[in-house]
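Colleague: Respectively, the protein sequence lines represent chains U and R. Read in order, the letters of the first sequence correspond to residues 1 to 258 in our numbering. Read in order, the letters of the second sequence correspond to residues 1 to 164 in our numbering.
Hint data in this document are derived by calculation from the structure and do not stem from the laboratory. We treat Cβ as the ideally placed atom computed from N, Cα and C, and that holds for glycine. Where hints are given, some of them may not hold.
Restraint ranges, calculated between C-beta atoms of paired labels, are given here [stated by the list, open to error]: (1) U:Ile209 with R:Asn53: 44 to 52 angstroms; (2) R:Gly98 with U:Trp39: 49 to 57 angstroms; (3) R:Asp101 with U:Met208: 30 to 38 angstroms; (4) U:Tyr195 with R:Phe82: 25 to 33 angstroms; (5) R:Lys75 with U:Leu43: 47 to 55 angstroms.
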Amino acid sequence: MSPNNDGTQAQVIEDGASWEIGGDVPAISLSGRNLVWDWPVRLFHAALIVSILTAFVTNRLGVSYFKYHLWSGYSVTLLVSFRILWGLVGTRHARFWNFVRGPFATWRYAQDLLKGRDGHHPGHNPLGAVMVLLLLAALAVQALTGLVSNDEICNAGPLVGYLDNSLSLRLTSLHRLLFWGIALAVVLHLAAVLYHQLVRRENLVKAMITGRKPHHLVGYGQAITSSRSLLAVLLFAALALILFWVISHAPAANLSEF
Amino acid sequence: MSKSFKKTARLAVGAALLLGVGFGALSVHAQTAPVPGHQAVEARKAVFTLIGNNFRPLAAVLKGDVAYDAADADKRISRLVFLSGLVDESFPDASNLGEPDTKAKADVWSNRADFDKKSKDFQTHLAALQQVNATEKSGSEAFKTALAAVGQDCKGCHESFKVK
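Here chain U stands alone, though its shape is the one from the complex:
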């Protein structure tokens, strides 16, 4: 820690350090500015966990739970499309170009990580960024293929009427296979979080719940000052309306083709 002629700021840094070790949030911080994750990102993340688990459980429960599987699929569709747009117009650490790095920078980060020389990132680190993109892409494909899948028994996605049956069945196979890809990505994601949590003593879980990180991890001027609540609500409402419109205007599936 560099010598500091500003006594107050040094105090804040030490607070941050004690927060990290003791796990206690200082009652008062100098600026209060340690918010990293806006509430739309946090709510998105929590809702996504619930939706993915629901989708999995309702699939395993059987054909008569398909209605709930559909609902969880709509939820994932909405959440992922929201998060992609939020990655363009959201707050600082939610934006893709503020955390996604090029392949070389990411590779260097991975090497630094192995040598234990990686620095702290207020938002996602470069490898975390890869996982964010991977999960979003996989979930987007999973949601879209789900909308046009059918089980050759009695259940079908709402947009299956747009496709001929053989294409629908190929996409159903992809939907079935991609589950394993997503499961693998989720396991890797959880492993990385556990590593940060237990080995590096960075409480990422708490940060994803409260949105806040210790000051010394956030860095001066890196905190966000607003969650852009109104924009988030309007964006989500617009996406929900679009999804509702698309689903309600889809042609009926010709079931006897199955």
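Given the structure of chain U, go ahead and fit chain R onto it with the hints provided.
Modeller: Showing chain R alone in chain U's frame:
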């Protein structure tokens, strides 16, 4: 070249041509002749098409898309009971052709005991559904539970024995 050689040569060519035409005709015949395995696959697809066509309107009741109709339910369930008796014999050994002819996995034949058990469960659950439908005469919870069990038999068997 002697006359007799020419004659022999002409005969040989003629015979070869005749043989060629003969084999050609045979091979055409071989291409168009029905193979027992293929016939069985066709028959099997017909059985499962009818099972699907008669199950889906019932599933619509289960999903709440369509109101329960006693006469329709009666008719479809008795058809399904009849069709379920054809499932087992729709998979003779000769019909183990693999893709693209059939989506039936080779496991049907290599793991026949499990396949037979699943097809037996299908029949048992359909009989139970018929029983429930006869006493309930409504789209009651009991009816829906019995119907869901049948749907689950479809899914379970597809998962094990149908190419996805």
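Colleague: Confirm or reject each hint.
Modeller: Against the structure, the hints:
| no. | hint | result |
| --- | --- | --- |
| 1 | U:Ile209 with R:Asn53: 44 to 52 angstroms | holds, 51 angstroms |
| 2 | R:Gly98 with U:Trp39: 49 to 57 angstroms | holds, 54 angstroms |
| 3 | R:Asp101 with U:Met208: 30 to 38 angstroms | violated, 52 angstroms |
| 4 | U:Tyr195 with R:Phe82: 25 to 33 angstroms | violated, 60 angstroms |
| 5 | R:Lys75 with U:Leu43: 47 to 55 angstroms | holds, 50 angstroms |
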